[in-house]
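*Asks:* Below are the chains, spelled out letter by letter.
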Amino acid sequence: MPQFKIAAVLALAIILQLSLREAWPPLSHIDFPLIVVVYVALQRDAWTALIVGTIAGLAIDAPSGGLIGAGGFSKTLTAYLIYLAATRINLENALIRIPVLAAAAVVDGAIYFFWQRSLGHAPSAPFVQTISYNLIGTTVIGTFILYMLDSVFNPTSSQRRQFASRRRGARRSKGLTKRR
Amino acid sequence: MAASRTQKEIRQRAPIWLVILLFANFVVMAIDARDRFTQQQAFKGFVQAMVSPIQSASSWASGTSGGFFRQITSFRSTAIENEALKQRLAETELELRNAREAKTENYRLQGLLALKAEPGPEKVFARVIARDASVWFNTIMINRGSASGVALNMPVVTPGGIVGRVVAVSPVTAQVMLITDEKAAAGAIIGQLGGSGALGSVRGLGNSGLIEMRYVSGLQQVEAGDYILTTGQDGIYPPGLNVGEVIEVKHGTATQPHQIYIRPSARLDQLSEVAVLLYHPPQRPAPEQTLPNVDKTKVTSDK
Chain X
1 MPQFKIAAVL ALAIILQLSL REAWPPLSHI DFPLIVVVYV ALQRDAWTAL IVGTIAGLAI
61 DAPSGGLIGA GGFSKTLTAY LIYLAATRIN LENALIRIPV LAAAAVVDGA IYFFWQRSLG
121 HAPSAPFVQT ISYNLIGTTV IGTFILYMLD SVFNPTSSQR RQFASRRRGA RRSKGLTKRR
Chain U
1 MAASRTQKEI RQRAPIWLVI LLFANFVVMA IDARDRFTQQ QAFKGFVQAM VSPIQSASSW
61 ASGTSGGFFR QITSFRSTAI ENEALKQRLA ETELELRNAR EAKTENYRLQ GLLALKAEPG
121 PEKVFARVIA RDASVWFNTI MINRGSASGV ALNMPVVTPG GIVGRVVAVS PVTAQVMLIT
181 DEKAAAGAII GQLGGSGALG SVRGLGNSGL IEMRYVSGLQ QVEAGDYILT TGQDGIYPPG
241 LNVGEVIEVK HGTATQPHQI YIRPSARLDQ LSEVAVLLYH PPQRPAPEQT LPNVDKTKVT
301 SDK
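These protein sequence lines map, in sequence, to chains X and U.
Number 67 in my numbering belongs to position 67 of the first sequence; there are no gaps in the numbering.
Number 104 in my numbering belongs to position 104 of the second sequence; there are no gaps in the numbering.
What the hints contain is simulated information worked out from the structure, not anything from laboratory work.
A quick note: this is a predicted structure, and the numbers were derived from the prediction, not measured.
A few of these clues could be false.
[To be verified] Rough simulated footprint, nothing fancy, chain X against chain U, three-plus residues with beta-carbon under 8 Å:
# : stretch
1 : 16 to 26
2 : 126 to 137
3 : 178 to 185
4 : 201 to 207
[As the list claims (entries may be wrong)] To list a few chain U residues with every Cβ distance to chain X over 12 Å, as calculated:
# : residue
5 : 11
6 : 98
7 : 221
8 : 238
9 : 256
Quick reminder that beta carbons are idealized off the backbone N, C-alpha and C, glycines included.
The following block holds chain X by itself, in its conformation from the complex (with noise of 0.2 Å):
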C-alpha cells in the first residue's frame, strides 16, 4: 500500500475532524481518523496500523481538552485488535465491516474514556450518549467512506466487484433462457 496516500488520507481526515464541528457541531461525532485506522489495519499490515493509530491518536489529543495519549493509546490498541481479527477472520466483505466499524468506535471510546478518568479528568460529556452517538455517526458515514477508501487504495476489487456482479447477471439471464 503505498505510504504517501495513507499520510494523504490520514492528514485529510484529521483536518476534516478539526474542522467539521465548527460547520456543524454534531458532525463531530464522525471520528474520521478512527475510520482511517480501521481501513490501514483491515489491510493487515500491522506496522503500517499502529504507527497511523499512535498518530491520528495524538493529532486530535493535543488541540483536546484532554489528556494528550489517551486517543493515542486508545487509537493504537483498537487499529491492533482490528488487526488481529484480519489475521484470523475474512473481514474483505462489506458488511462485516460494518460491525467492526462499531466496534472500533466502541472500544475506542471506552478506553479513551477509561484513561481520563483513570488520570483524574473524567470528560464532561456523559459517557453512554458520547459513545452512542458516536457508534452511529462513524458506523454509518465510516461504511461509504471504507468503500471510497477501497476504489483510492485498490482499484483492482473495485473493478473485481464490478465483474462478479456482471458474472451473477450472466448467471441469472443463463438460468432464465435454460428455464424457456
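Please build the complex by placing chain U on the supplied structure of chain X, with the hints as guidance.
*Replies:* The following block gives chain U in isolation, referenced to the frame of chain X:
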C-alpha cells in the same frame, strides 16, 4: 520467499511494537497529567505550539466548508423559483449576507473596542482558531499565548460577558475552558454588586450550553430575568463581569437552596473574537498557622 519471511517477522514483532507504542502513549499521558496537577502545562504548551499551524489550516477549511453548506441551503430555497428570479434572488441574498456579516462584524468589533476602553485590567484581543476536536470537553483554542502575556487561569471575556478561563498556554496559542464546561465554576451574585443580591457559585452544565447557580438560599428572592455578575471571590474573575441571565428557577425552601439555571450572556456557540484579561487577583493574606492556645512568646524564644 523473502517477502513471506518479512511478513512473518512483521507478524511476530507486531506485539512488541504495540507494547512500545502503548507505553510511549502512556508516558505522554502521565507527563501531561502530572503537568496539569502541578499547573505547569509545559508539555501541552509545546505540543500545542507544534500543531497550531494545522489548527489554523483547519480553521480556514471550516470557514470554507461553512460557506459551502450555507450555499447549499441557499440553493435549495431558490430552486423552486423560476430561472431569472433565482439568479436575481441569489445575487440579492449574497449582497444581503455580505451586508449582514459586515454589520455583525462591525457590532462585534465595536463591542471589543468598547471593552478595550473600559477601565480595569489590561486586555489582549485574540481570535478563536479552533474548537475542541473531541466530543468530550468544552474548550476553545485562541491565537494568543504566553508571548502576548497570556498566563494560566486568566479570565477570557467578550463584550457580552465571561467566556471562561485559560487552562493551557503555549507561546502562540492558549486553550480556554468555557464557563459551560462541567468543571468550570465562578463566584457569582444575583443583581447589582453591593445591592441585596444573593451570593452563590455558578457551574457549567456541559453540552446543554447552560450554567447552574448553586448555594443560593431558598429564602432569597430570585426570578427569571435577573442577571448574574461575578463577585471576584474565586480568585480568577475580577468582580462585576456579566455572567448571564436567569432563565429558570426551581424555588427552594428554608432548608433547600434554589435551583437556578442561567443562559450565558456571551454567545459561546458563535465565538470568533475574545479578550483575555491580564488580571492578577489580589494576594490573600496567609492564614495564621499557629494554634490559638499556644503561648507565642515561648514558641519564639524556643526557636
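*Asks:* Taking each numbered hint in turn, which are not upheld by the structure, reported in ascending numerical order?
*Replies:* Hint 5 alone not satisfied by this model.
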